[in-house]
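A.B. asks: Protein chains in written order, with the numbering used here: chain W, 461 to 666; chain G, 461 to 666; chain Y, 461 to 666; chain H, 461 to 666.
Hints in this document: simulated from the structure, not taken from any laboratory.
Each residue gets a CB set at the ideal place from its N, CA and C atoms; glycine is no exception.
Be aware that a few hints might be false.
Okay, derived cross-link-like pairs now, DSSO-like style, lysine-lysine, Cα gap no bigger than 27 Å in a straight line [to be verified]:
(1) 614(W) with 614(G)
(2) 614(Y) with 614(G)
(3) 622(W) with 593(W)
(4) 463(H) with 622(Y)
(5) 614(G) with 622(H)
(6) 656(G) with 622(H)
(7) 622(Y) with 614(W)
(8) 622(G) with 622(H)
(9) 622(Y) with 656(W)
(10) 503(Y) with 463(G)
(11) 593(W) with 463(G)
(12) 593(G) with 463(W)
Estimated spans, in silico, between C-beta atoms of each pair [to be verified]:
(13) 461(G) with 663(W): 31 to 37 Å
(14) 631(H) with 647(Y): 56 to 62 Å
(15) 521(Y) with 634(H): 46 to 52 Å
(16) 660(H) with 640(Y): 53 to 59 Å
(17) 503(H) with 551(Y): 22 to 28 Å
One letter stands for each residue in the lines below.
Number of protein chains: 4
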Amino acid sequence: MAKLYFRYGAMNSGKSTGLLQVAFNYEERGQRVLLAKPGVDTKGAGEIVSRLGMSRDVDFLLQPGDDARAQFAAHAAGDDPEALVQHVDVAPVACLLIDEAQFLTPQQVDDLFRIAVEDGVPVIAYGIRTDFKTRAFPGAARLFEIAHALEELKTICRCGRKAIFNTRRVGQDVVFDGEQVAIDGADVWYESLCGKCYLEASGGRL
Amino acid sequence: MAKLYFRYGAMNSGKSTGLLQVAFNYEERGQRVLLAKPGVDTKGAGEIVSRLGMSRDVDFLLQPGDDARAQFAAHAAGDDPEALVQHVDVAPVACLLIDEAQFLTPQQVDDLFRIAVEDGVPVIAYGIRTDFKTRAFPGAARLFEIAHALEELKTICRCGRKAIFNTRRVGQDVVFDGEQVAIDGADVWYESLCGKCYLEASGGRL
Amino acid sequence: MAKLYFRYGAMNSGKSTGLLQVAFNYEERGQRVLLAKPGVDTKGAGEIVSRLGMSRDVDFLLQPGDDARAQFAAHAAGDDPEALVQHVDVAPVACLLIDEAQFLTPQQVDDLFRIAVEDGVPVIAYGIRTDFKTRAFPGAARLFEIAHALEELKTICRCGRKAIFNTRRVGQDVVFDGEQVAIDGADVWYESLCGKCYLEASGGRL
Amino acid sequence: MAKLYFRYGAMNSGKSTGLLQVAFNYEERGQRVLLAKPGVDTKGAGEIVSRLGMSRDVDFLLQPGDDARAQFAAHAAGDDPEALVQHVDVAPVACLLIDEAQFLTPQQVDDLFRIAVEDGVPVIAYGIRTDFKTRAFPGAARLFEIAHALEELKTICRCGRKAIFNTRRVGQDVVFDGEQVAIDGADVWYESLCGKCYLEASGGRL
């Protein structure tokens, strides 16, 4: 039976690099993978971008109302809506890889679970646990409930300890108020911190 | 820096046995531990009971409104309210062990985090992930957000696969409606199932 | 496909308790397990003994020259040489559990691997990594080479850190010379230490 | 206390990519790392090369007779023998990263252990477990004995299962005789296989 994996880690722990490496490993052995991510993540548009310099287009974006299992089935079958010829003979999909899985809806995580358990295709979802207020994103919360395996990708805090939280920064200021989702870019960035450094930055607030 | 650990597993995966073993290991090396559990768990009253036959009294129960860090501090200092003599010289606590941690309030999980990070005492919390409808218990949800380490205790489904869900049974019937908390006993019991067997039992409901 | 698991840990990390818990979990679900250990481990004769107070007879002992796969097959089939009636109808074995696996010969570890891969029966082997000189026991060395999964059972050093080494003690003396195998008992005992405390005890010797 | 980590995986499981990602993560946070590998690995000369396309020079090569701790200390202090000015002010090293660690001598692994435990610098060693005959390389064997943490990097077999063994191929032939070390290149290559596919390829030989 195939499984749904949640590989979680703080911001900048190498999740996209890990995903691209897994895709490479499958394809190097002649096996087919599909890549997807939530449309909420506007960074890189339809690309998965590694800070090490690699990038790759996703096969499909998942918008909040999408049925992830139906989307998967359509793309697995070669039903590219933008292609003229449908149902080309395609190899079966050996693995579905999801980036930024914290932005999925809980329903979409259930879809991924069914892809693994009922359709027999392993799904590896990469994402972060919590927002800048230490509260789980909806997709991450559901993944912690139902994923078959929880695997941590580690990174370090500025103090050298393992980072577990993500602080939001606007310029040099650490902020603790605002919307849950603010994609990092020109104004906003995130710094991964350990528990001790987070509590120091937040004045003891969790 | 000490850490907050969440050792999670399906019902009957050996969590209480694991907890009692860790307590034994510390005490065998001359170190002091404290044991606690939420008062919501009425099974065994103030005891931690392993299905292998061992049991042991907790040092304190945590009721929903309790400040877990204050309770810990009082018991660590030897302030037993039922004892005649207070503040006896006591060894520092090397580890705090929590059973049935899924029943803690989110605030109490934050307290445990502070015990680890600010008081420097490792906290190992044992609990299950989800209720019989595959939804996280409040304490488990918060532990997945902030625990330093998530460690799985595995057990098997009747089919031999790893169990990840807990089905509620009333007699021989599997039920999917009812209150989140119903302590197992004469009428109600739980069976740990893998994803596939759960979906078969629930008619596809997650 | 079934797997060969190596659950390793320092002395007194709860390996036998863990094994007995797994056996209990299988049997509670109506599944049959077999328990075995190397005959080299003379402690408890034919029993697996947990320091928490439980014990249980093994189904068979493995002597150095034994073919572990043949022994397993015979016991799985119900061919108890001491029984009058042979080939009683027996349930298939759902899991083979091995205690003190570090004392197996490399060939016997290969046998366990074939039981998992070719006979389809999961094998969970519990054992320690290294002797009192930090050198792997033969069975452990082979398990590190071929086991499908390496899973650590943790325990603590007297200083509170994770213990990874086993020091041999004769009375209060720590010794670093002698035979690789000396079962703990009246004269000899072992203390699990972290790397730092081991190096202090050994005068820097590894 | 710093730790010695062994991150092991079959050939082509993404070890070099993982190492380069960790180096990136440290440096992005303004921390200094050193990279090294055994001189035995002649592939890429003094470079660590990821199949995803990235590469980076090591800071030093370790030849079989080298004292790894002395080499580390010299490079950490800025004593580049090829530099004209010695002992430039340099930041302390936050992490030492080793690629192809299976080719280290056991003594060099002991050196890495002392760097972690006595010098307080975390060491992360990446390597494979076993040669094409399923026997541990000397460095891997010692790492399994003394590393503080064993962490698996997973990859897949051509059949979709997790690969755990490395078969040597000369052209299309699978070979089971020859020297332990033969760096892959024009004539020789390696294919990572699961236990079942390995036994089929080897005719049952382990």
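A.B. asks: Each hint needs a verdict: does it hold in this structure or not?
C.D. replies: Right, here's what the structure says about each hint:
no.	hint	verdict
1	614(W) with 614(G)	23 Å, holds
2	614(Y) with 614(G)	16 Å, holds
3	622(W) with 593(W)	18 Å, holds
4	463(H) with 622(Y)	11 Å, holds
5	614(G) with 622(H)	19 Å, holds
6	656(G) with 622(H)	21 Å, holds
7	622(Y) with 614(W)	19 Å, holds
8	622(G) with 622(H)	17 Å, holds
9	622(Y) with 656(W)	21 Å, holds
10	503(Y) with 463(G)	36 Å, violated
11	593(W) with 463(G)	20 Å, holds
12	593(G) with 463(W)	20 Å, holds
13	461(G) with 663(W): 31 to 37 Å	19 Å, violated
14	631(H) with 647(Y): 56 to 62 Å	60 Å, holds
15	521(Y) with 634(H): 46 to 52 Å	38 Å, violated
16	660(H) with 640(Y): 53 to 59 Å	36 Å, violated
17	503(H) with 551(Y): 22 to 28 Å	52 Å, violated
Going down the numbered hints, you'll see the structure goes against 10, 13, 15, 16, 17, while the others check out.
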